[in-house]
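2 protein chains.
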Amino acid sequence: MSKVTCDIAISADGFAAGRNQSLEEPFGEGVGQVLHRWMFEEPEENAEVIERITAAGAFVMGRNMFGPGRGAWDLDWTGWWGDEPPYHAPVFVLTHHERAPVAMEGGTTFTFVTGGIEEALAQARKAAGGADVAIAGGAATVNQYLAAGLIDELRLHIAPVLLGAGERLFDGVSGLSLDKVGHAGTDLVTHVTYRVRH
Amino acid sequence: MSKVTCDIAISADGFAAGRNQSLEEPFGEGVGQVLHRWMFEEPEENAEVIERITAAGAFVMGRNMFGPGRGAWDLDWTGWWGDEPPYHAPVFVLTHHERAPVAMEGGTTFTFVTGGIEEALAQARKAAGGADVAIAGGAATVNQYLAAGLIDELRLHIAPVLLGAGERLFDGVSGLSLDKVGHAGTDLVTHVTYRVRH
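So the sequences go chain by chain: A and B.
FYI, the numbering for the first sequence is 0 to 197, going by numbering that gives the first Met the number 0.
FYI, the numbering for the second sequence is 0 to 197, going by numbering that gives the first Met the number 0.
Heads up, a few of these hints could be off.
Intra- or inter-copy, both count: the list cannot distinguish identical chains.
Stated by the list, open to error - Using 20 Å as the maximum straight-line C-alpha spacing, the simulated EDC-like pairs for lysine to aspartate or glutamate come out as follows:
{"id": "1", "residue 1": "179", "residue 2": "43"}
{"id": "2", "residue 1": "2", "residue 2": "50"}
{"id": "3", "residue 1": "179", "residue 2": "75"}
The set of hints was computed from the structure by calculation and includes no laboratory data.
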């Protein structure tokens, strides 16, 4: 049966991003790629995990993950990922500002949803056609879906680094039970997968 | 070379205890043994890890780990661990209130240190006679030692549970670099060991 999954990279102290995210520093001041070194420096050792991150039939992400802009849209902005984003599937972007869908190369389409998290998930489920739906991030979006009991499988990728402040995974989330499914990892990451009961 | 180690059990959201710790609920309201099920339900699978927790030559712990009392000492209180605590070594308890040492069965002695964390560590190093010193907890004590750059090896035991609030590991800690040494685990825990550079 299809499920709602979520992959998220966090620091050992539980942050998915530092403070003051911006165009120049998408993961926050001074954070650079420290949460994702395992993806860039150990792509082979982590190949299976990396492949699974983009294996869903449709994706949901927060506007702050889609881009650094806030308020009215800069229509030139089509995401961080260049002409061919790695999703190769429909991506639903949560926003308060309407915008026409954007079709990218390689099958990724960005559809902008102003109706809230349940509406975005419903659209993603329909678009996935029976495949899994992935909540792609960032932390604030993941926390909303967790708090609403809408994520079935949570896959943490814990980097050996402390951020000290920023966007914290699980902020405002309570009342969920976790079953551990498995763990794996390398020197640069510990992967832990939980099934979420709600 | 001998090192300063720290084993601490935390929830997936980073808490070492919940809210309102008490005599009846040492790990906080409603927490029970959820952070430590792996020790009690899977002692064989986790035997090596459990044995390592009490393998140091001397220990330091905060008063709040030693007992639920605050302020002046109740001299009848000799810890949570019965007549023969599992340490079998000198244990230095941080406190603001002087108290004479207490010798327990099996080689554990509780010595009460009012001179602060560096003084307690110095006494523990001397007592350990070249063996490792372990910072035994709780979170507030561990955070003080981490923030002071005095812990060399941090061994997290991450339970598949969310507490939502309480005593958070890494609170107020920044500026440390972590090198991951290894991971292991079962369905009830993920063990992650970090070397701390400071």
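Next on the checklist: To test your reading of the hints: which numbers does this structure violate?
Outcome noted: Hint 3 alone not satisfied by this model.
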